[in-house]
Amino acid sequence: MKSKQAMDTFVQETGGWVAAQLEACTRCGLCAEACHFYEATGNPDYAPVWKMELLRRAYEQRFTFSGKWKQALGIEKGVTEEDLTEWSRLVYEACTVCNKCAMVCPMGIQIGPLIHEVRSAMAAAGVVPDDLMKATQNQLQVGSPLGVSDDMFEERLEWITDEWEVDIPIDKKGADTLVVFTSIELMKFPTNFAAIATIMNKAGENWTISSKGREVVNFGFFEGSHEHTVLFLKRVFDAAKELEVKRIVISECGHAYDAFRWTAANLMDVPVDIEITHILAVIAGFIRQGKIKLRNEAHKNGTISFHDACKIQRRGGLINEPREILKILAGDSFKELTPNREQAMCCGGGGGVISIKEADPLRFAAFGLKVEQMKKAGTQSVCMTCSNCRLQFSEGVAHYQLDVKVRGLSEMVADALV
Amino acid sequence: MNWTEILEFSRGPFFNVALFIFVAGMMYRLVRILLLGWSRDRVPGKGSKLWGSIRSFLKGILILPFIPWVKNTFTKNPITYLAGGIFHLGLFAVIFLGTPHMLVWKSLLGFGWPTLPVPIIDFLAAAAIVAMFALLINRHIHPVMKRITALGDYLNWLLVFLPMVSGYMMTHHLFFRYEVLYSLHMISVNILLIWIPLSRISHFMFYFFSRAIHGAQFGKRAVTP
Amino acid sequence: MVNKTIYEELRSAGYSRRDFMKLCSMVAGAMSLGGVPLFAKSVSVSPEKELTKTVAKALQSNFRVPIIWLEFQDCAGCSEALTRSQSPTLVDLVLNKISIEYHETLSAAAGFQLEANKEHIMEAYAGKYVLVVEGSIPTAEDGLHCTIGGRSALDILHEAAASAGAIIATGNCATFGGIPKAKPNPTAAKGVWEIIKDKAVLNIPGCPAIPEVFTGILSHYLVFGTLPALDSLNRPKTFYGHTIHDRCLRRPFYDAGKFANSFDDFGARNGWCLYKLGCKGPTTYNSCATIKWEAGLSFPIQSGHPCLGCSQPGFWDGGGFYQGQSAPLDRPTATAVGAAAVAGAAIGAGVALNNRGQKRRVQSTENKRAE
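Chains as they are written, first to last, in numbering that gives the first Met the number 0: chain A, 0 to 417; chain B, 0 to 224; chain C, 0 to 370.
Just so you know, the hints here were simulated from the structure itself, not pulled from any lab data. Don't take every hint at face value.
[Claimed, not checked] The calculated label-pair distances, taken between Cβ atoms and stated as ranges, are:
(1) C:178 to B:49: 54 to 60 Å
(2) A:65 to C:333: 28 to 34 Å
(3) C:341 to A:288: 57 to 63 Å
(4) B:47 to A:162: 44 to 50 Å
(5) B:174 to A:77: 45 to 51 Å
(6) C:329 to A:81: 51 to 57 Å
(7) B:157 to C:333: 30 to 36 Å
(8) A:77 to C:352: 19 to 25 Å
(9) A:211 to C:342: 57 to 63 Å
(10) C:352 to A:65: 16 to 22 Å
(11) C:342 to B:39: 29 to 35 Å
(12) B:40 to A:139: 26 to 32 Å
(13) B:113 to A:81: 55 to 61 Å
(14) C:321 to B:113: 15 to 21 Å
[Stated by the list, open to error] Residues on chain C that point at chain B, a partial pick, calculated with CB under 8 Å:
(15) 256
(16) 258
(17) 281
(18) 282
(19) 339
Since this is a predicted model, take the numbers as computed values, not measurements. Glycine included, C-beta positions come from ideal geometry on N, C-alpha and C.
Between the sequences and the hints, there should be enough to build the whole structure, so can you do that?
Now the structure itself:
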């Protein structure tokens, strides 16, 4: 009864907000040109409007006369299990929910969030790619999609504090700020831990991390499952409440910022007196307030470009901050990619795509567009504020054998501290 | 039955019925959406959602139609942008700034307004018709369009095209007598009026919803697309 | 009175042969506006001269045709227009001196005497006389809304039409019902051809009909003994083949989009198009723009007033004389539209609530499943 479960979810998720936008679509097809998956492959199935086709069909067949007639007359089929299987691949492997399509749509339809609704239906029907579900299961059972257990976390943290000789307060009750990291940073980019800790300490911030709320990545969010999303959010919120902090800082992660800052309050009861922000905003704030000082032109590795992460820049609004920082760090060596800022092109690895092995060819194909961008700008180094992007870039640059350095912005700031 | 009688019918009772169905249908579509349930947004915004929506409207009406190339996807899909734009421009010009249609509005609303000279309207109408052909062909050969187009989309094209071309023929007295062309124009207009609330052509009403939502989403995050 | 041919009649009235040929060429000219068969088999003779000769031959050999002119629900305007016609030679000779045997307004005699004459003509010239009808025929309540000498117009018409050689309805009232037929049409007024279905009725609409059009048609009948080619509203194509719009002197202004916005404004004073003031020229078929009125002196548009469309059916209910020709007839009232809106909203609300019910049911099933 998978299709029934999917249809039920579609029905449940469809209120005025969804319906009005579905009614507004004119089938103009312009969204395709904004999608990096379509651009990289030319496959019309990857057109954003096609990815949300099941949602449209469900809406029309359940809520409108014309949809009901079309189904009754056999002009349109209902949503079958085959459809679910096919679309599962489309919405999980060929979409990063970057929402660039929404920028291009003449009607302004928020296609990204609508595709997220399709994921919800898939999750309810249990038609989710195995790799992604495995990561979700890991996070459910062990607390991290990469399978990092409590013990592993403790071990790793010890190693980091030793290796970089940096002070990282854990479970400090009464701290002002709780910083939550990703297990990607823990395992793949441990310098981030060191960098951010250094910055926080230099700025004199009363901060801590939590051993219980230690994972900011939310695979429930990628899966589209309301239940799992809330569960993972709750772990961090509970930790924050327990430690009586005033704000939660998301480290270099994109979708977590979207989930915590821009979505959580509509999914569950969030603590009202706890501010939610991103490390990028915090660092920029420190610089503006003079709490930390950076060496001018600290970056010496050639032309540097900034990759706007979809969930932090386009969907998060922190667009000027990285440029302010890079102005200090790189001055004239900074070269914008084209397009950039809120129009920027997705790295191709977000939305959980990077966790699905089957999607590798696709995400590398999409990354080809970033390669073109960097070549055109003459980029020698590229930096970003999202670890998922950083992982995609690292793997992508290796795949294309590019001579480009991939850096995290927090790292660069920490390196340039005066 | 002669064409003078057909003309009287299509301008009179048939038009009335079509207008009723149009009004009732559009209200139906509107209320169906409005009462479907709108959940309150409990996320605190960084910027103003209201200003975001206003900005989105202004940009959509004042800027994007005239300099569509500000969208960086323009170069990848110039036909849809240009033909779509020219079609809409011609449509609005003819319907609101063309003298014959202004007189229709005047009889319905009670007041009229100045209109553009006939040769200009004529040119825009012809351009819009050419644009329609371009859009039809594009819909047939572009891979994405082929994927997402259904029968209803072709029907939409046809029912919008017929009033345009019959109106143009009428103005230029092409091929048939005037009352024949006028009748055909009125019949096609009436059919279109009836079809609008049953189809995607009603997007002009939902435009306001989607654009407001778009603006609010970005305004909330203090992003100015 | 009907023993002499038209030519003999003219000669005895003092007209020379020269005058007669002039008349013939004028008649031929009136008919050669199209729709008349050309006889130019012999190349040496021009078509116009041929036609004149044909006319002359006809008038010389044909006897005068008696005309019975009936007036019903009319204003006598069509007759008045004829008598005021500025081409006395043509009209005077064709009508006054030659043909009319019965005419309420114009005949000197009246009452039973005149009626008796009519009976006599109908009998003596059965199948030959021309019946001209002016004014609409009321059909409500057995036609009692118009009676002459105690008999209803309906009766009189049926009787006169039965033995007529040709039937001509002149003026918008006799052709399409005219002003009596305007809403609410209390007398159920009808045009002649809506009542007489077994014989051809030639319609010469207009309010009034253009006199030269009428005499041109009559000339055609006198010369050829047949009615000319008719359009789908039984109007002679010769005179009703083009719209006012297609022959209007202000047409260039229409094409250029220069319209008068109100009477006596700049545009009006400069002779611009009167489309915005409600001109019905585009849908009106008549010869006003070519033959014009008062021997070609002017016609409404030329004098600054929009065409009323007076030769079209139902022009009184055509949306108003000053409402644009493109505007819909008979638009619905605001209350009616409001009612439609409310109806649509109500159905929309019903469907929306049903849809929300669907959502609730799904939610409760899910809650049950979660428990």
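Verification of the supplied hints:
1. C:178 to B:49: 54 to 60 Å: holds, 59 Å
2. A:65 to C:333: 28 to 34 Å: holds, 29 Å
3. C:341 to A:288: 57 to 63 Å: Since the Cβ atoms of residue 341 (chain C) and residue 288 (chain A) sit about 59 Å apart, the hinted range of 57 to 63 Å holds.
4. B:47 to A:162: 44 to 50 Å: holds, 46 Å
5. B:174 to A:77: 45 to 51 Å: Holds: the Cβ-Cβ distance is about 46 Å, inside 45 to 51 Å.
6. C:329 to A:81: 51 to 57 Å: Given range 51 to 57 Å: holds, Cβ gap about 54 Å.
7. B:157 to C:333: 30 to 36 Å: Holds: the Cβ-Cβ distance is about 32 Å, inside 30 to 36 Å.
8. A:77 to C:352: 19 to 25 Å: holds, 24 Å
9. A:211 to C:342: 57 to 63 Å: holds, 59 Å
10. C:352 to A:65: 16 to 22 Å: holds, 19 Å
11. C:342 to B:39: 29 to 35 Å: holds, 31 Å
12. B:40 to A:139: 26 to 32 Å: Between residue 40 (chain B) and residue 139 (chain A), where Cβ atoms are some 29 Å apart, the hint holds.
13. B:113 to A:81: 55 to 61 Å: holds, 59 Å
14. C:321 to B:113: 15 to 21 Å: Holds, since residue 321 (chain C) and residue 113 (chain B) (Cβ atoms, about 18 Å apart) stay within the stated range.
15. 256: Because about 3 Å separates residue 256 (chain C) from the closest Cβ in chain B, which is inside the 8 Å limit, the hint holds.
16. 258: holds, 6 Å
17. 281: holds, 6 Å
18. 282: Interface hint status for residue 282 (chain C): holds (6 Å vs cutoff 8 Å).
19. 339: Since chain B brings a Cβ to about 4 Å from residue 339 (chain C), closer than 8 Å, the hint holds.
Going through the hint list in order, the structure satisfies each hint without exception.
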